[in-house]
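So the chains spell out like this:
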Amino acid sequence: GDSPNANSNNANKASVDYLRIGMPNGTQTENHNPFAGTSSANALGYKWMIYEPLTMWNPVKPAEPAKPWLAKEVKWAADYKSADITMRDNATWSDGQKVTADDVAYTFTLLKTNEALNANAIPFGDITVNGSTVHVTFTAPQFVNQNKIMASTTIVPKHIWEKIADPATDINKNPIGSGPYTLKSFTQAGIILNVRTEGYWQDLPKVKELRYTSYADNSAQTTALANGESEWSFVFIPNYQATFVSKDPANHKIWAPGVLGIHGLYINTTIKPFDDAKLRQAMNMVINRADIFTQAEAGYFHPQIDSVTGLPNGAGDAFIAPEYKDKKLTPDVAGAKALLQSAGYKLNGTTLSDPSGKPVKITLTDPAPWSDYQTTLEIIKTNLAEIGIAATVDKANQDKWDQNVQKGDFGATMRWTNGGATPYDIYQTVMDGDLLKPIGTAAQQGNFGRFKSPEATAALKAYANATSDADRTTAMNQIQKVFVEQVPMLPVGSDNVGGAYSTKNWTGWPSDGDAYAGMQPTQPYALDVVLHLKAANS
Amino acid sequence: MAEPVLEIRNLNVDYGLGDRAVHAVRDVNLTLHRGEVLGLAGESGSGKSTLAYGMTRLLAPPGVITGGEVVYHPQQGPAYDVLGLTDRQLRAWRWAETAIVFQGAMNSLNPVHKISTQLTDVLKAHDPKMSEHSRSARAREMLKLVGISADRMDAYPHQLSGGMRQRVMIGMALILQPQVVIMDEPTTALDVVMQRQILGQLIELRERLGFSVIFITHDLSLLVEFSNRIAIMYGGRIVEEAPAATIYRDALHPYSKGLLSSFPALRGPKRELAGIPGSPPDLAGMPAGCSFHPRCPKAFEPCNSAIPVLGRPDTPDGAGRSVACWLHPAEQPVG
Amino acid sequence: MKYFLQRIAFYLFTAWAAITLNFFIPRMVPGDPVQSLITKYQGQLSTKSIQSLYVLFGLDKDEGLWSQYIDYWKQLFHGDLGLSFTFFPTPVSTVIGQALPWTLLLVGITTVISFLLGTGLGVLAGWRRGSWVDGLLPVTTFFSSVPYFWLGIIAIYLLAGPDSFFPSSGGFDSGLVPAWDQYFIPSAIKHSLLPALTILISSVSGWILSMRNMMVTVSSEDYITVAHAKGLPERRVAVSYAARNALLPNISGFALALGFIVGGTLLVEIVFSYPGLGYTLLQGLGAKDYPLMQGVFLVITISVLVANLLADIAYLLLDPRTRKEG
Amino acid sequence: MTSIQDAKAPAGEVVLEAIGLTKHFPVRRRLRDLFRRQHSAVHAVDDVHLTLRRGQVVALVGESGSGKSTVARLLAQLYPRTGGDIQLHGESTRVKGGSSFRAYAARVQMIFQDPFASLNPVHTIRYHLTRALKIHHNAGDDLDAALAELLTRVSLTPPERYLDKFPHELSGGQRQRVAIARALGAQPEALLADEPVSMLDVSIRLGVLNLLRDLKERLDLAILYITHDIASARYFADQTMVMYAGRMVEGGDSETVTQTPAHPYTRLLIDSAPDPDRLTGDVDPLEEDRGNGEPPSLINPPSGCRFHPRCPAAMARCSTDLPVPLEIGDAPGHWAACWLYDKAGAR
Amino acid sequence: MTIPTSSIEQVIPGQGSMAQPEAAKPSRAKRQRFLFVRNKKAATGLVILGVYVLIAIIGPWIAPYDPSARSNDLVQGPSAAHWFGTTHLGQDVFSQILEGTRSVMLVGFLAGAIATTLSVLIGVTAGYLGGKMDDSLSVLTNVVLVIPAVPLMIIITSVLNNASDTLVALVIGLTSWSWNARVLRAQTLSLRRRDFVEASRASGERTWRIIVFELMPNLTAVIASGFVGTVIFAVLSEITLAFIGVVSNSGWNWGTILFWAQGQQALGQDAWWWFVPAGLAIALLGTSLSLINFGIDEFVSPRLRSAGKTKLKTASGGTVRMRIGFTPVLSNSATPHTHAKVVATPVMREAK
Ligand SMILES: Nc1ncnc2c1ncn2[C@@H]1O[C@H](COP(=O)(O)OP(=O)(O)OP(=O)(O)O)[C@@H](O)[C@H]1O
Ligand SMILES: Nc1ncnc2c1ncn2[C@@H]1O[C@H](COP(=O)(O)OP(=O)(O)OP(=O)(O)O)[C@@H](O)[C@H]1O
Ligand SMILES: [Mg+2]
Ligand SMILES: [Mg+2]
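Residue numbers (the numbering used here), protein chains in the order written: chain Y, 1 to 538; chain H, 1 to 335; chain G, 1 to 326; chain P, 1 to 347; chain W, 1 to 352.
Same shape as in the complex, but just chain Y:
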């Protein structure tokens, strides 16, 4: 009939031609603006089904070059201060117009002229178009940002967007993109995307309809996954075997590859005796990362970091300095004790005292509602007790915690680092002297532990500005050396680009065997995943 729901009544359909994607992101309001961090398109990730990037990059294998996507080819200058982007010529917008180099130039210009939209703070220079090629320059080398520019920027149609008065606050009611899907409906229960009928530059996906739902919280999302109401999501599932997989062992799966972004215990290096690298090393030696991985991170969520460099297994392997190739982080209480003794610390019974004779005490802090971090801290607390460090866990209020961490008013805290295509972002968040702020002043960008190391700062700078791979390797090795020796932060687990999914209706998901993409439904590669899906019963 006339009802918009008439053909959505899915109960009596023989086969399922839609995919249900969920995220635990709470209430959504209609906003399809791909640039707004607060938009529903961003929160649920469906912007990647409507809009496309220039290249498709796989964070699981960060060292591999990105696949061409809207761009036929991207050529960077050696100093990474400019790039030539050549567009493919068979892509069209969903209103039928062709995707051109002008659109790319327009998009970049948009970011350049709107600080509010330039989320990665890319220093665009001149942008010029020459036929199907865009020449874009930058005011600083962009080696570390190359994928943020090419693989994480949605290209929007100029003819639509130039009519928008304020691109920062427009909700982009009728999104016109180059991707294979178009918006069908927005409701609070979910967003529905329909596959395009024609004009997509490659084969249309098999999934005819994408249904996005935003659940109130992790537990609602998990319940939905367990019930089969949700088929693909990125959410922390405690004890996922029992809560999720066991509900349908044949179909319920989790794949959570690590990426270049880590979580670890930042130590405030201005507080005595924690300004002593030896003490930090000893602490690093007693952390039981396996326990944290299985008990706090449910055995998957933050893949355990083995390398002393703090680089994630898999994604980080290619970057590890030769000297640390086989150095693993394993609990070594005896070693730690020996190290401490040699550095002048004394362990009397269960209390460690520093060379000045004061007992070593530390406060570990994290926001109360973050149960995985809290569990991690509980474990670290018992680990530290083994070498006589009395730790207390302070479950701060989240806002207070934010404030305190930024101002350097903390003992130690679990926190994440930025992530990127190279380990640069990880180390920069932890060690960059340029980000260093005095205690009491908010350090918003990083270096919360107030780690002061001119070598590290210089090496980070060298890495970002290098013009050859050899220079980069040298700088990277230097960075890692500081990190391993100074231990400004105790790495614990890596970020993951994983997801929970069900093979009941759709197969073809990425896996260890075929790691063609990450597994998060909100990231650019989600489109690549959807394009790989095939109906389970076909």
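There may be inaccurate statements among the hints.
Calculated lysine to aspartate or glutamate pairs in the DMTMM-like style (CA-CA distance at most 20 Å, straight line) [as the list claims (entries may be wrong)]:
1) K40(W) <-> E234(G)
2) K381(Y) <-> D73(W)
3) K346(Y) <-> D326(Y)
4) K61(G) <-> E115(Y)
5) K257(H) <-> D314(H)
6) K61(G) <-> D166(Y)
7) K96(P) <-> E198(W)
8) K270(H) <-> D277(P)
9) K247(Y) <-> D270(W)
10) K48(G) <-> D432(Y)
11) K124(H) <-> E234(G)
12) K381(Y) <-> D66(W)
13) K270(H) <-> D214(P)
14) K257(H) <-> D253(P)
15) K270(H) <-> D253(P)
16) K278(Y) <-> D291(Y)
17) K407(Y) <-> D181(G)
18) K184(Y) <-> D181(G)
What the hints contain is simulated information worked out from the structure, not anything from laboratory work.
Using the hints, position chains H, G, P and W with the ligands against chain Y.
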């Protein structure tokens, strides 16, 4: 003497059951005759209201009727015991045969309904066939009878003065033309001018309509003036019963005497006011024998051991009166 | 009527004071929307976005609290509640507009049902003391002491499952679009059953109890005895005399409950991922979304006040004593 | 207690005097009235003159709502007065609170109508009386002795039996005695008794009244006895004043006022009082009065004499001119505010 | 979430209904003051509450394990070693419940006390003084009333770093007094023109003495019932705050247990033992407090007290049902009739 309409026989009413029960009304025998005004007096707590509510089975928990009969003589047909009626029969009997006017008229009228509603719902309950129109006509008529203009029909109780409310209650009591009207302190909340107006009106209506009245108050002077016969209660029992003038002139029971000498007179010489010493008995722990004996100036030997029986006294004018006092042992018990 | 104008003046003053507080309270909270957003996306949002977000939200300009307050009132008079940060750039009024109907329908209807049911049972319990309804009281008391959210989670665990009739979350099936048709309405009703039941079970006892107690109190009034003495049918005495009067004191409680619809059952909406206002408010709280918090507080404040005003009116209609005699 | 002292012309020293005492209670103002100049008010008491003398009882009678209690509360300074003056020993006083009020309260005490309500149910008798003594520093060195004395004075003996009881453990008469004892604790010169027995049982009333009379004589108190029972005023008071709708309408010594009432309202009142000597069957003499036999509105009181709408003897001037107190002449000090006694007759 | 106290608004202790001449028996009357404890419901409630108080005091000592201590029994069901099973870290849930009782009780009662004190101060003062004072206090009360309590608590607690139990109690107390203040104001309004208040004023008492010694004792039942209601509300609030994780409480309370259980999807893993006990503990505590509240209600209103006793036992063992409007008639009267006589006329007497 006229024939009886209501006979109370050996009525016993308790509050609560078992050992802790309070015997508020004990072995009361009382007969109401057609067309008469029977006054019931006695100080606070003597059981007057309990008797009135008990004989109509309107006593609130934990009141229970533990014995006795209330025999009602309808105008036609055989007499029957009100206490033995089923709920249905009792509901039909109430108001149609016996209506009650309570002490506080403000509390007797439902504050949220118009008085017209409250008047007509009696009619609706007792005569469902009556038309809406004739119901309101009847209600109007009753209001006129008690001197309230019909335009006050749609007033709410709080919009009427205390006197008007009490008149509405009287009108409501008469709307079904009952044989018996029980009035429990109908005027104590009103001032004297209003009290006289209302009572005067009631007496006049009684003469016109011929119902009988049980009139309860502790104001003896009022009773003497308005009732035909007076019964005096003390400690849950009737201690004396006689025509009004007789009691006023010559009360036999020391308690009645005490009551009569407790109020100052307005006219005539200032007479001696003796009062009654002591305080009323506790119904839960009644003294043995005559319950008045601890306060009685004339108490003598049998008073503290044996309960005197209500009966015809041995006085010359003993006919038509009875008393329960060892000073005047009964010639012939009432019952 | 004049009495009303006076009440309204009082309410207006209260509203002004409450709205002013609503403005200042959220601003006491440390942290800012940008930081909250970064923290919310733990690592997914790079710290480099900070500056762009400050610009986006218009927080890069320093404005005094006082001028913000003045602006706030100016906006309010234009019916403008500002833009939400969490859902930037959606206007707060839109955010509230999309959530409010759900809350009103779910919690509103449930509150009304709970009140009616509880009052009905309370009348029975108070009128026929010692009957089965009275026996129900301890059970309902127990349930009323259980936290809403706990009951909801247990209900989801026990009743919602892969093949269950009850969905575990949401306001309607994700494939549907809100419309008054035969697909949407049953779906919406189905989704509201569990949350409604949860609220009902834990709130009905209060009504039963207060109504029962009022019935008991009213039952011993003289006019009830008079009604019995008049030989009225029992039902009429119970309903038109006793219950009618016993209801009056509960009206203001009911009004207040109606007013608290929005703020009172926040957690039920969270547990059931119900797209209502309480849940939105919690998100606003978490995100330091002042405009949203203010907006929701405003709605709550106004609804409580309006409910109270309605209670006054209801009183006026139900209790002739409050009407001015004519 | 039977002797009748024929009230002679008042001789005792004046303790408390009300001169033109007036009290208007503002009616709750509504929005509409804001635009009007005039404020409506309940004219509860208008232009009342009253003199309390040492060792004398003045009775104030009148129907319900005529303003008797208001007069008492005004005299006790519990309400601020709208107009007129209150003179204590000839000195004008106006106190609101604080120590001046306490000083006033030490000399003028009030007893409330309802003994069931005027004692705090949660406190013992000891507490009530101790407070009464302590506030006015009358406790002396030996509190117990003072308490015992107080109780003995109101014939609650032996005192020990009553001291530690709670009000609800006492009978109404006993409670009223405690209330009186509390008033006496302040060692006042004037006692304002607002219907002190109306809530008591017939047989108990007498005891309390006799006690009051006894106190008057022994302690030389000035007593204002408020009642609506005119018969008890005759029995108990030296002088009787009659109030109607906020105004004094008649006054004089009790016997004269009750036996030869002058004002039509007083006559109505006395005719209405139940009288056992009048036997059943009397046709109500006030029949024509039905329907409008109600006290007038005090918000818009009738002009002229406030009784004129109900008065059987109303004349034309009654509805226009406010009657002034006029000497009746049958007994010294007997007056009525009624034009019937306007001997000048002029105008 | 509080039990409505409407019945209490209607009745004031010791007035009116007691004004009957039932005075004479002092011993019985005296006992009536403690009748509240003899009320069956109140007694049950008090016993349960007593157990909770005991646990609150000795809980941490009798707990078999350190509630935070990890062990290797992860997410184990109830067993002899762990009565209520274990958490994802191998912590003993039973010990957590025992240890958590103290915080819950502390917060509940402290918040109850704070809110009650405030409501008494504001409500009674407003009611007694009247006039401008009343107006401004009423506005204050209403403003606090219309600002939603739980969100307000969330906001305030988030300002405080590391809120201790005491601080949480303070916040809850400060935000939840207004309803009681309203009830108390209404009560005071009806009390302040009572003769005994006027009488003590007339005898020269100071205002504060009147409020404290004359008015407040008469409001005890209302205050107590308000207190009990607020305690329930405070307990539920604390647990809610802990459950959604805004309170940065480092110790254990039942809300924390529920927070962890929910965060770890206890029910999703079928670990009901982790989730259920805390909820039941709350419900039972709430029930006991409600029972006490009933007791207070019935104590205050004798009508409610007798309302419970609808079935009475006769001496002969039968039961009589009390009904309003239809007083029961005992045919097998225990009282001997002095003059039993058959009615001569036919009598319709039906057994029913
Ligand atoms: N619910 C009850 N429980 C126990 N005793 C009661 C109850 N109700 C009344 N009584 C007692 O029964 C006795 C009789 O009371 P009743 O009301 O009949 O007296 P009364 O003569 O009408 O008094 P009054 O003149 O004050 O109206 C009193 O002593 C009273 O204390
Ligand atoms: N506080 C008040 N505010 C407004 N009106 C009042 C107030 N107190 C008394 N009145 C009015 O003043 C008039 C006189 O009242 P008052 O109580 O003095 O009469 P009374 O003669 O003592 O009556 P009663 O015999 O019933 O005690 C009445 O109309 C009453 O309604
Ligand atoms: Mg009575
Ligand atoms: Mg008075």
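Query - Violations among the numbered hints, reported as their numbers in ascending order - result: 1, 3, 14, 16 and 17
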